[in-house]
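K.L.:
All chains should be modelled from the sequences, with the hints used to inform the complete structure.
These protein sequence lines are chains A and B, in that order. If you're matching positions, the first sequence starts at 1 in the numbering used here and goes up one per residue. If you're matching positions, the second sequence starts at 1001 in the numbering used here and goes up one per residue.
Simulated from the structure, these hints should not be mistaken for lab results. One or more of the hints may lead you astray.
Unchecked claim - Distance windows between CB atoms, simulated:
{"hint": "1", "chain 1": "A", "residue 1": "15", "chain 2": "B", "residue 2": "1052", "range": "51 to 61 angstroms"}
{"hint": "2", "chain 1": "A", "residue 1": "132", "chain 2": "B", "residue 2": "1159", "range": "16 to 26 angstroms"}
{"hint": "3", "chain 1": "A", "residue 1": "71", "chain 2": "B", "residue 2": "1107", "range": "16 to 26 angstroms"}
{"hint": "4", "chain 1": "A", "residue 1": "128", "chain 2": "B", "residue 2": "1037", "range": "36 to 46 angstroms"}
To be verified - Here chain B is said to cover these stretches of chain A; the calculated rule only asks that three of the stretch's residues, wherever they fall, bring their Cβ under 8 angstroms from a Cβ of chain B:
{"hint": "5", "segment": "1-12"}
{"hint": "6", "segment": "77-84"}
{"hint": "7", "segment": "88-94"}
{"hint": "8", "segment": "134-145"}
We treat Cβ as the ideally placed atom computed from N, Cα and C, and that holds for glycine.
There are 2 protein chains.
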Amino acid sequence: MSLRHGLIGLLAREGPQTGYQLARAFDRSVNFVWHARHGQIYPELARLAEAGLIRHVEDGPRGAKVYEVTDAGIAELRRWILDVPVAVGTRNETLLRVFFGYLVEPAELEAFLLSEAARYRGLLGVLEGFAAGDATSPSERASELTVHAGIRMLNAQIDWAEWAANEVRTWPPAQAVSSGDRAGRARRRARRPRG
Amino acid sequence: MSLRHGLIGLLAREGPQTGYQLARAFDRSVNFVWHARHGQIYPELARLAEAGLIRHVEDGPRGAKVYEVTDAGIAELRRWILDVPVAVGTRNETLLRVFFGYLVEPAELEAFLLSEAARYRGLLGVLEGFAAGDATSPSERASELTVHAGIRMLNAQIDWAEWAANEVRTWPPAQAVSSGDRAGRARRRARRPRG
DNA sequence: AATTGCATGTAAATTGTTACATGATTTT
DNA sequence: AAAATCATGTAACAATTTACATGCAATT
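P.N.:
Structure, rendered in structure tokens:
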């Protein structure tokens, strides 16, 4: 699970903090890289403290619990960054929909692709705001690298979505597909080798 | 959950199939878009059949259960593609590591970035193999769109990783960071405005 | 005084992974 | 005969989301 390393890392990066602050940090800086809700964060902090990777140090204003990272936590973070194989397994809901997009009218799929392009543009605007900074400290330099990655990937996605919308415009109308259309499928399959 | 729509979609796309075949399909065609193990697929098929979105039709050779999609399933799939807001929430473990990459030696981070670039190149090779097809049928045209998306995103990631590796080469050695270094952090923070 | 924001937690449900368990059929 | 592949399932665990529940502090 990357969440625990995200929490250790944020404590290392931004100093002692409460779970609430970490939850907000997940909504800001690292949100486009990883995200988590407080319902997951609070129990995980307790487990990390139990494991000695972070430490509950003091109490803030209104029952706030401040945590800080331990040396063991930083060592674990370094180990994770370099020595643990990166978990594979892409999950892209937009692409899954497009994969089945031949089932809807081309005009509808085109509209979907353009709406996705617009959504990506919105995200790109946010990231470009992040990139405007100066990046003087080591942690800011590292953050800048991830922002650049996001910008490049979003640009690739925007270009693709607009190209794909254009492609779809040339498609013939969708055939009626129903679960009872086994005969139709068999007909098409048989015809293919001849073409 | 997109898994259930992935299952309905594959049954719609490739005709009646067993859970085993669907599990293999998730390892092949849609793997770079979505993935699932049989431990999740079999129970989900039972639930989908219960909900009337797919139907258990016949029994194959050795206790194999063949499912086919129903009209209700296709209607649900169409609804999901167009009318359900795309779930947000990126999760990119590579970027999370790079975000905290200032904690390891620049040479180590550089090596990590180059190893990621190599991994991306491997995936790109697989996708380019998929793209070599002709794409005559509607479903093949749709699949081709997703393959193109994958190729563009992987190229963006390769370019980024190699650019970032180059950036990191110019970084000064990592400072020793430890949990006890609160004074060091405060010192750096106080110094910044003057610079 | 009421609203907003800070702050923590847990319970329940869902989603996903891993490991265990079983047996049939085909290939070597 | 043994090994590989086909085929299904469940149990246990891990990860994640959503909703519920509470209370303090600052602002309007």
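K.L.:
Run every hint past the structure and note whether it holds.
P.N.:
Taking the hints in turn, this is what the structure says about them:
no., hint, verdict
1, 15/A <-> 1052/B: 51 to 61 angstroms, "holds, 55 angstroms"
2, 132/A <-> 1159/B: 16 to 26 angstroms, "holds, 21 angstroms"
3, 71/A <-> 1107/B: 16 to 26 angstroms, "holds, 22 angstroms"
4, 128/A <-> 1037/B: 36 to 46 angstroms, "holds, 38 angstroms"
5, 1-12, "holds (count 5)"
6, 77-84, "holds (count 5)"
7, 88-94, "holds (count 6)"
8, 134-145, "holds (count 8)"
Hint check: no violations occur; every hint is consistent with the structure.
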